[in-house]
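If you want our numbering, it's the position in the sequence shown, counting the first as 1, plus 13.
Some clues are possibly wrong.
[Said to hold, decoys possible] When the alpha-carbon atoms are kept at most 25 Å apart in a straight line, the in silico DSS-like pairs for lysine-lysine are as follows: (1) Lys131 x Lys101; (2) Lys23 x Lys72; (3) Lys55 x Lys75; (4) Lys56 x Lys72; (5) Lys75 x Lys23; (6) Lys87 x Lys56; (7) Lys55 x Lys30; (8) Lys131 x Lys72; (9) Lys23 x Lys101; (10) Lys72 x Lys22; (11) Lys128 x Lys72; (12) Lys131 x Lys87; (13) Lys75 x Lys22.
No wet-lab data here; the hints were simulated from the structure.
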Amino acid sequence: MSFINEVIKKIEGAIGKAESYDCFSYRQELQNIVNNLEGEQKKSVQILINVLSYHMDLKHPKQPFEPYAVFDGKRTAALCELSDNDIKILGNIYSEIDDYEIKARIADVIWSRDKQYKLGQAAIEMYLLSANRLEDWEKWTNYHNSFNAANKGSFFIHIKGTCVP
């Protein structure tokens with residue numbers, strides 16, 4: 014089994030235990046397994062944990078991701094910290110994982126950082142698929158958040174593949 018398949022298997026095992034289909038719940042479950050991993054597997058899962066921790070601020074659609082918390086001159090993970098290699102790892106996870114919420118977040122992060130048009134489109138599609146999965150009255154806020162994220166993305170993708178200023 015290839016390296017990425019092993020990582021995906023561990024990620025999917027962890028998120029399968031999550032209380033709900035959202036980044037916060039997934040991040041909590043991944044934090045439970047990351048310290049038992051080593052090397053590249055640990056690094057890959059930690060990158061995903063960081064990406065899932067970003068706070069999405071839909072009031073700033075051109076740069077919607079910010080650290081979850083900032084205090085005393087310190088902050089949690091930030092989009093600006095992602096290296097090109099981190100983006101490559103995220104792209105590999107995106108290609109292999111089935112979960113819509115994770116795919117949406119990864120695609121949106123790569124779109125926000127690198128303006129890769131196809132991933133911007135994919136983020137919109139994945140947010141809508143995630144919203145459909147979340148559509149129930151008990152968890153309507155998650156549905157609303159995914160739908161709004163897709164809507165945010167659609168405003169900043171032009172039909173010909175350029176970012177609308």
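- Query: So which of the earlier hints does this model not fit?
  - Reply: 2, 3, 4, 5, 10, 12 and 13
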